Every structure is written in C-alpha cells, then in structure tokens.
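Read top to bottom, the protein sequences are chains A and B. Counting from 1, position 33 in the first sequence corresponds to residue 33 in this note's numbering; the numbering is continuous, with no gaps. Counting from 1, position 217 in the second sequence corresponds to residue 1217 in this note's numbering; the numbering is continuous, with no gaps.
One should not assume that every hint holds.
Below are the DSSO-like pairs computed for lysine-lysine, each with C-alpha atoms no more than 27 angstroms apart in a straight line [to be verified]:
1. 160(A) / 1250(B)
2. 1003(B) / 166(A)
3. 1003(B) / 250(A)
If you are wondering where the hints come from, they were derived from the structure by calculation, not from laboratory data. Note that the coordinates shown come from a computational prediction; the quantities given were computed from them, not determined experimentally.
Number of protein chains: 2
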Amino acid sequence: MLKQISILGSTGSIGKQALEVVDSLPDHFRIFGLAAGANIELLKEQVKKYKPEIISVKDEQVALELKKEIANVKILWGREGLTEIAGCGENNLVLIAVSGINGLFPTLAAINNKVDIALANKETLVSAGNIVMERARNNNVSILPVDSEHSAIHQCINNKDINQIKKLIVTGSGGPFREKIYSEIANATVKETLSHPRWSMGDKITVDSATLMNKGLEVIEAHWLFGIDYKDIEVVIHPQSIVHSAVEFKDGSVIAQLGIPSMHIPIQYALTYPDRYEGLETGSLSLTETARLDFEKPDLEKFPCLKLAYEAGIKGGTYPAVLNALNEEAVYAFLNGKIRLTEICKLVEKGLEVHTSIKNPNLDDIIHSDNWAREFAKEFLNKITVS
Amino acid sequence: MLKQISILGSTGSIGKQALEVVDSLPDHFRIFGLAAGANIELLKEQVKKYKPEIISVKDEQVALELKKEIANVKILWGREGLTEIAGCGENNLVLIAVSGINGLFPTLAAINNKVDIALANKETLVSAGNIVMERARNNNVSILPVDSEHSAIHQCINNKDINQIKKLIVTGSGGPFREKIYSEIANATVKETLSHPRWSMGDKITVDSATLMNKGLEVIEAHWLFGIDYKDIEVVIHPQSIVHSAVEFKDGSVIAQLGIPSMHIPIQYALTYPDRYEGLETGSLSLTETARLDFEKPDLEKFPCLKLAYEAGIKGGTYPAVLNALNEEAVYAFLNGKIRLTEICKLVEKGLEVHTSIKNPNLDDIIHSDNWAREFAKEFLNKITVS
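For reference, chain A alone in the conformation it holds in the complex (with noise of 0.2 angstroms):
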C-alpha cells in the first residue's frame, strides 16, 4: 500500500535520513508535503525530485520569491504553513522532525485531522504531553516514536497491555563525558562537546546529550508516550549504543531492541509501522563483532541536568515547559560561547526554582510559561561574564 506522508524539517538531519529511507522503499510512499527551514537549496531539490503538493518554508519573503521559480506546488511559509500541511487529510503519516516547540502546533494539527504521526520532536511531548495524548487517544491517532529509545520501547512493548509492563529501561551512551571528572566537564570547549562517541545528530541534541538533559527530557517523552510512571523508568548508560533500550514486564522478562547506532532503522520503523522490509543497507548487527555491552548507573552529580528532568517531570504542570525552554536557550548561549557547559543546569535550576507552575495546564498555559522561561533564561544570561 502506497503512503503519502509529509515531512516538516525535510532539509534536516532527520528529514534527510527520513527522505533516504523513502529512496529505498520507492514502491511504499509518496511525499505529499515537505517543509524546510533555512536551507532553501536543498528544499528546492527536493521538490525537483519528490515532486510534493504542497511546501512550506520559514519566511514569507523566501516563500513569495520561490513562487516565481516553482509552479504547480503549493507554497506556504512560517507557523501557519507548518500547520497546514500537517493537517491535510490527503497524509496517511506526517513526520515532525522540525526542532524546538514549532513541532506543537502541526503535531495538533495533525492530530485534529486525524492524520497519524511519526514524532522526532522531543519538545512537544515534554512541553504539552498532557494536552498532545490525551487528543490523540480522543482522535484515535498514532503517534510513533523516531528516537531510538522511544522506538526501542515501542518495539519492545510490541502493542502489549501497558499492565504488564514493570519498568522502561532508557538506555544512553553517556555522551562524551562521561569518564571525565566535573572539572573537566565545566571547562569542556563547544568543539569537545559536540564530538559525540556514538551518534551524528544536530548541534542542539549533541550538547543535550552531554549533559545528559537529552536523557530526562526522554524520561519524561517516554513518560507520555507509554503511560509509564516516573518511578518505573530507569535510565541506564550504556556506551555502546546497541541496546537501544528495553521493557521489563512484570514477569521478569527483559526485552530489549538492538541495532548498530543508525538513526535509518528508527526512522523506517516510525514509517513503515506495522511493517518491516528490508530498506536501506545499514548494515547488520553483529553480536560477536561487537563482543561486549556495558551498563552503568548514572552518575547525578556529575550530570545534574538528569536529575532536573526527574524532578521536573514528577512535579508535572508547567515546570517540565519550562525545564525545556530554559534548557533550549542554555545550549544555545553555550553554542555561541557565551556560557560554560555547566552553567546550562545552573540556569535551568535557577528557573524551575523561581518558576510559578500551573497544574493540568492548557495550551496557552504551556505556551505562556514557555516564553516566560525564555525571558527568564535572557535576562539570567545577561548578568552573566563569560569567563
């Protein structure tokens, strides 16, 4: 069966690897839309190739100027574009891979319009997960997991009662320092920082990852997605990356999804979903190859972003928005150079301790402390001297 799907961040990292996968299933999907952000070239490739119905990109300018090159293709640009090709009833799927809280306003969308999801943005479900599965439960959409973990969990869990189910194990290389001592972590550079061990991501994610705030915030994505309390989701560090993560059901049976680190087998799963071919050439797990998998705890003092997360998530209302929108500009301050790698807990800290958090929160709740959050994270950032 044909599926027309629509991909919103086609030009990024997700979006690519996501387009390479519908490449090596040609008979199995069609694009109906796609959405780029600054990276208009490669959009127009795109489209050249994928020939969509209908694109958006960020600016109104870029979309007025690209109406003169392309004809027969719908082009809408910013928020409201986003929206609406999320929402067109002609996408069997729509894969949000668009960063930061853009991806809350198609992910509705889709939702509203009963069009299923694959989500590669973390964002939504920590900033409104509340609010994002209860309309989904209601609509009776599927929203399928594209981090590996939360596809190793849905892999895992397999469509069984979430009654059987004793814990999650969100499993994390550890990132780059995770044998370094906190000294040498506060001093790490932005280049150390973005040399990741095991996976190529974005800018943004990498540094999540050596924080291990990428960790909490998918304890807490997972925490939405699967229903699971936060008592009964552990994370485990595992610098190999092949264990993916794992489900304990209450019997004491573990299981667990393995892969080489390759973000085209999560992908294809979200696409392929309830289906499994054989796709793109990524290569084979080898158990002896690989010869040895290690687990360890965490350590939370060294990374106390983690901890944050937790407790963000058990406390619920508003607070984990607002852990996301601090976290959001930390990294980015750090990015340009203007803070340490370890000030972006000390800001975030700083906020969830200051913030007024709202119970059960609505849409504008979310919205409104997420920018609350931000200015708070600005005005913290400008007290601060680099050292």
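Based on the hints, put chain B in the right spot on chain A.
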C-alpha cells in the same frame, strides 16, 4: 480465566518449577493430570496437594499399588498413561516435561485432541519436527516452547509475520569448558562436566551443554518451531546467560529477550501466554549490576557436536532423529564412566556416517531410525575400552 493443565514429568526439574509457578498464581490454574517416572513419594505429595483427576506412573506394578492407597484419582501407567493424560479434552494446556523420545507420543495425542502444548522436551521436535509441526498447524494447536532460548525467540517474534525475520540468534553460555583446550575437555571428569556455570539442570542436558550438542539440538528445534532456514539461525556464545536469544528483523532491528538465568520465567510465560503476571519472586534483572555482557562465536573445532547437529539438520530426513538417539546413548555411557566426553561426538559422527536416511519420514521411520541408532551405539560402545 482458570486454565486446566496437566504436567507430564511433574517430579522432574521442569515439572517441579512449573508447580512452583502454579503455586504463585493460584487463581489462574487447576491441575488436571500429573505424570511421574521414578519419584513416587514426591508424586504422592503432589497428588495430595493438587488433587488431580488423573495421574500416571512408569510401571504397571507401581500403579496397581498406588490404587490401593489413593482414592478418587484415575491411575494409569507407561507410555499409554502419558498419552491418555495428554489427550484429555479437559486440558486447556499440557506441559510435556518428560525426557527423551517419551515426549513424542503424548505430544501427538495432545495435538490430535486440540490441546495446546507447553513443550519442554527437545527430542520431540528434533526427531519428528516435520510431523509434529504439520499436525499442530492442521489442528490449530499452539506449541509454546519452555526452553529459555525458544521462549526468548517466541517472545521476540511476538506473533509477527515470519517473513519479516532475517535471522534467529540462539545464545548459549558455552558451558563449563568454554575456556578450556581440547585435551582438557577430553580428560574432563563427570563431576567437572556437571558443574554448569549458569544453569542448574538435569544431568543429560548438562552434559549436552558441555559438548554444545545442546545448542545443536536447539538449532534443529528452532528450525521446526519457527520455520526458519538453518542458514538463518546463528549460535552466539554469551557466557553471562542474560540474553536468552534474539531475533533480527529484515530492517536491521534486533529484538532480544533478557532475564536472570531462571527457568521460572520461560515456564511461567508458556503457562500464562498471552498474559504476563507478577507470579514468582524470581528477582529482577539489573543491567547495571550485571554491568557487562560478552558475545563470541562458538569454536566448532573444540565443540564439533554443534557442527554435526547443523549438518544433520540441513540433511534432514531421519538424520536428526539418529543424531539425537546416538547422542543420548553416548551421554549415558559418559555419565556411567564408559567413555570420555570427547568420544560422545565420535560416536555420533560415526553413526551418522553409517546411517541411511529416509526422506520425509513418517512416524514409523523415525521410531525405526531411533531404535537403529541406539543399537548402533550399543555395538560401538561394546568395542570401546575406557582408558
């Protein structure tokens, strides 16, 4: 829902553990029938506790004596006793935990009467996999594996289309001689051979674990249970016995089942399938306490039994039945001090060389080949002098 079950081999290692599982889930099971071999005292205790409607023992004489002691229970004996219990339509499930070729006839009786089977007897599928699986399919009978490896694979496949499978990965601890050289294995005592590093099992299977014949029999069993080609079944040595086996799907994703090395988990899974319950306190797997998992290729030079089993499986016909019978006789000769451990393989190899296989064997062909192999083994053993 209360499941009515019978346990054939209730006083053996698997049978006793199955009753522990039943004890832990008293609302889920009622014992309909029990069958035991030599341990009559334990059987009597079990009858008192579980109040089955029907029991069977090995010998007629014992059965007649029991009839004087036990009222209101139907008492049978011998192969016919096993077969009658297994075939009773009152069973929702029968656990076949008798050893050797004795498992075959009750298995077929259960299938004929549309009773689902929890199969803990390897020889049934190794010797007569073609017949058993075809009849089970025709009668829509489920065969739920109890072996930890096959239970793991069953959990990993989880009803997915087998066309989505690339390969099965059958793990094994490597046994007590994994790190020994061949000459040490040749001189291994019975005691050393029975000191399995991970699993506490009966003597016969523990010897098979030391020669890796056990893995070979499991490969043949997996071939029949899951309908996978021998070339797509890989044996991986994994000394910690935490990953109990795995399945690689065509998209490169590997699903593995893990757990502490306890037979309670696969036994309970087979009895409660498709549900999972807390059941026995077997302890939870802690990946961080386990800390490290290793994987290596099996050494076929040191453990030629595994190679012989693959060859017999691929050749098919009556070769697997002969492999199994030759091995069984050889193992008992070793346990009785008549031959060295490495001579088990020599006997099996010789017998397979001489055997004239029958293609698409019927039940008579299989029984005949089994008998032939045991005669061959006896003659071979008569010629050998223990050094």
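Hint check:
1. Between residue 160(A) and residue 1250(B), the direct Cα distance comes to roughly 22 angstroms. Compliance with the 27 angstroms bound is thereby established for this hinted pair.
2. At roughly 24 angstroms between alpha-carbon atoms, residue 1003(B) and residue 166(A) fall within 27 angstroms of each other, so this suggested pair holds.
3. Under the criterion of a C-alpha separation no larger than 27 angstroms, the hint pairing residue 1003(B) with residue 250(A) is consistent with the structure, at around 20 angstroms.
Checked against the numbered hints given earlier, this structure breaks none of them.
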